[in-house]
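Put chain B on the given structure of chain A with help from the hints.
Each chain, written out:
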Amino acid sequence: DTEVTQTPKHLVMGMTNKKSLKCEQHMGHRAMYWYKQKAKKPPELMFVYSYEKLSINESVPSRFSPECPNSSLLNLHLHALQPEDSALYLCASSPVTGGGGSTGYTFGSGTRLTVV
Amino acid sequence: SQQGEEDPQALSIQEGENATMNCSYKTSINNLQWYRQNSGRGLVHLILIRSNEREKHSGRLRVTLDTSKKSSSLLITASRAADTASYFCATDAGGNNRLAFGKGNQVVVIP
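Those protein sequence lines, which keep their order, are chains A and B. Per our numbering, the very first residue in the first sequence carries number 1; after that it's consecutive. Per our numbering, the very first residue in the second sequence carries number 1; after that it's consecutive.
No lab work stands behind these hints: they were computed from the structure. Each residue gets a CB set at the ideal place from its N, CA and C atoms; glycine is no exception. A portion of the hints provided could be inaccurate.
[What the hints assert, rightly or not] Here's a subset of chain B near chain A, in silico, CB distances under 7 angstroms, partners left out:
no., residue
1, Gln33
2, Arg41
3, Gly42
4, His45
5, Phe88
6, Asn97
7, Phe101
8, Lys103
9, Gly104
10, Val108
11, Ile110
[Said to hold, decoys possible] Under the rule of at most 27 angstroms between Cα atoms (straight-line distance), these lysine-lysine pairs were calculated in the DSS-like manner:
no., chain 1, residue 1, chain 2, residue 2
12, B, Lys56, B, Lys70
13, A, Lys18, A, Lys53
14, B, Lys70, B, Lys26
15, B, Lys103, A, Lys9
16, A, Lys38, B, Lys56
17, A, Lys40, B, Lys26
18, B, Lys26, A, Lys41
19, A, Lys40, B, Lys103
20, A, Lys41, B, Lys69
21, A, Lys38, B, Lys26
22, B, Lys70, A, Lys41
23, A, Lys41, B, Lys103
24, A, Lys41, A, Lys19
25, A, Lys40, B, Lys70
[What the hints assert, rightly or not] Computed spacing ranges between beta-carbons, pair by pair:
no., chain 1, residue 1, chain 2, residue 2, range
26, B, Leu61, A, Thr16, 31 to 41 angstroms
27, B, Thr20, A, Lys22, 31 to 41 angstroms
28, B, Asn38, A, Thr114, 12 to 22 angstroms
29, B, Asn96, A, Ala39, 23 to 33 angstroms
30, A, Glu84, B, Asn96, 22 to 32 angstroms
Just chain A, with the same shape it has in the complex (with noise of 0.2 angstroms):
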């Protein structure tokens, strides 16, 4: 299996809502990785974890809460989100080698989020 599987493909939430976006992969693959990403823009760092650990957000406002339950899974928790949120949310996965080692990244296809 050599993919990253993200659910939903596409999710409308309203701003008082609480909703989850899921990411799995079965790689092997110990660094996952959230990015966001806004219309004609590149994606953007969100969060990593290493090992199921948290090693880096890059300043992500608390209303997007991560949390890898396991070494395959990795969920993104939205609660209280604004519209400006509303963007393709990419989940990636790699080798825990800096930089993803010879092979890079593993995208997932993406959660459209709209936030209305």
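Frame of chain A, contents of chain B only:
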């Protein structure tokens, strides 16, 4: 965190032509990677070049890296309509899994 910057940002070519994109970055790097993104979905890793390498090939892709100029180029030869996508370079500066993406190039290949 540093980011690569690509130039040009939009490229429209005929099928069969070659497409060249450039990327510049600001600090020392461990490696530089190129990714493709179709229609705002997931990114696909194309090729990785390490800081001690100068050129790398993968199929119709050729990547060069000039660490003295802090720049890289991606050449797609004999382009196809399926190559229509956005292409991003990304750099890993400190080896700490903080991969930063450049602005991206939109490539349109006209059949």
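Discussion item. Name the hints, by number, that the structure is in violation of.
Written reply: Result: hints 10, 11, 16, 26 break, sorted rising.
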